[in-house]
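So the chains spell out like this:
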Amino acid sequence: MHELSITQGVVDICQDTAAGRRVVSVTLLIGELSGVVPEAVEFCFEACTKDTPLEGARLIIEQVPARGRCKDCSAEFPLRAYYSSCPGCGGHHVTVISGEELRVKEMEVE
Amino acid sequence: MCTTCGCGPEELNHDHHHHDHDHHHSHEHEHEHGNGHVHSHSHDHSHAAENATARTVTVETDILAKNNRLARENRNLFFRKGIFVLNLVSSPGSGKTAILERTLLDLRERLRFAVIEGDQQTDNDAVRIAATGVPVKQVNTGAGCHLDAHMVSHAVENFDLDALDVLLIENVGNLVCPASFDLGENHKVVVLSVTEGEDKPLKYPAMFHNADVMLLNKVDLLPHLDFDADKCREMARRVNPDILIFDLSAKSGEGMDAWYRWIASRTRER
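Here the protein sequences come in this chain order: A and B. Using our numbering, read the first sequence as starting at 1 and increasing by one per residue. Using our numbering, read the second sequence as starting at 1 and increasing by one per residue.
Everything labelled a hint here was simulated from the structure, so no lab data went into it. Quick reminder that beta carbons are idealized off the backbone N, C-alpha and C, glycines included. Treat the hints with caution; some may be incorrect.
[As the list claims (entries may be wrong)] Reference listing, derived: stretches of chain B covered by chain A, where coverage requires no fewer than 3 residues with Cβ under 8 Å from a Cβ of chain A:
id, region
1, 60-73
2, 198-212
[Unchecked claim] Here are the simulated DSSO-like cross-link-like pairs (lysine-lysine), alpha carbons at most 27 Å apart as the crow flies:
id, chain 1, residue 1, chain 2, residue 2
3, B, Lys-231, B, Lys-251
4, B, Lys-231, A, Lys-71
5, A, Lys-71, B, Lys-203
6, B, Lys-203, B, Lys-231
7, A, Lys-50, A, Lys-105
Please take these sequences and the hints and turn them into a complete structure.
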């Protein structure tokens, strides 16, 4: 349940950026390979935002699809998991090019 | 517990329960902002809806930025002091502490060690390590499921860093959460014991992907089990083609020498 730490990180970042203003909504980018479950972040969000300028704010989570590039044949393809092999050559030397994101993208403040 | 670590589960022990977003007094509505764009909200307050001054602020900040910054500071400190640092991760019961005990007893005359023990509760593991004569600091995470860089930065305050060659950090037994938290180590070392399923690398790919080394422990039990070690290694390499694998048994001692040689070679390199 490290989503609690992750969500607390979101609240800290937003509070710093908001500088006292009330936060209306927060948009997060969560990659499919980030190891973070969006539903768990939603679950933690209310507890973590209580008595902060984020209390009552809307949480928007944009999931980022995982993509990989084969180191052997340079093909780019959607990754289902870290162990997905290259559909072109079948190799496992795959560089993750997206899907590990864990980022506060933007927020709406009053 | 310091509140700057970004983990702090204890200060989040609010005495209330979560409710669904379709709570009885919440409502869906659309409204226009000053800049004219329309979007929908789903929340139970009207504070923002009527506020025409609401505006979007680009943040683009990594959620783990704070932990990563503290980990970087740890890494710089360890580098300056010439300390080789390993972060041992695994599910509970794979034999992390047994591997540490044996390693310390066998290498303590050659290298100067310290150990950080991470567990949710108890100092049982620290007591076992202390019996080897090596300095140890127990970190109890309470409800926390992983160590973070901030905890490590405070734990190392207990050691004389000028008198250390190797710092071994035993993370909380958990194959999921510790994968996301850099502590400032040189390498994550994942321990998998042959009494577990050989498909653990595929079931918990993030951990095996992020580790540089895998210790396949309890190999003395292989004759009594159906565990397919070749298949396990193949699965680990599917997730991480570059992972370095040592087959060993902390109990019988077989395979430990190769692991020791690797530690010694990495320590000398520094």
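Hint check results:
| no. | hint | result |
| --- | --- | --- |
| 1 | 60-73 | holds (count 8) |
| 2 | 198-212 | holds (count 6) |
| 3 | B/Lys-231 x B/Lys-251 | 23 Å, holds |
| 4 | B/Lys-231 x A/Lys-71 | 23 Å, holds |
| 5 | A/Lys-71 x B/Lys-203 | 24 Å, holds |
| 6 | B/Lys-203 x B/Lys-231 | 14 Å, holds |
| 7 | A/Lys-50 x A/Lys-105 | 21 Å, holds |
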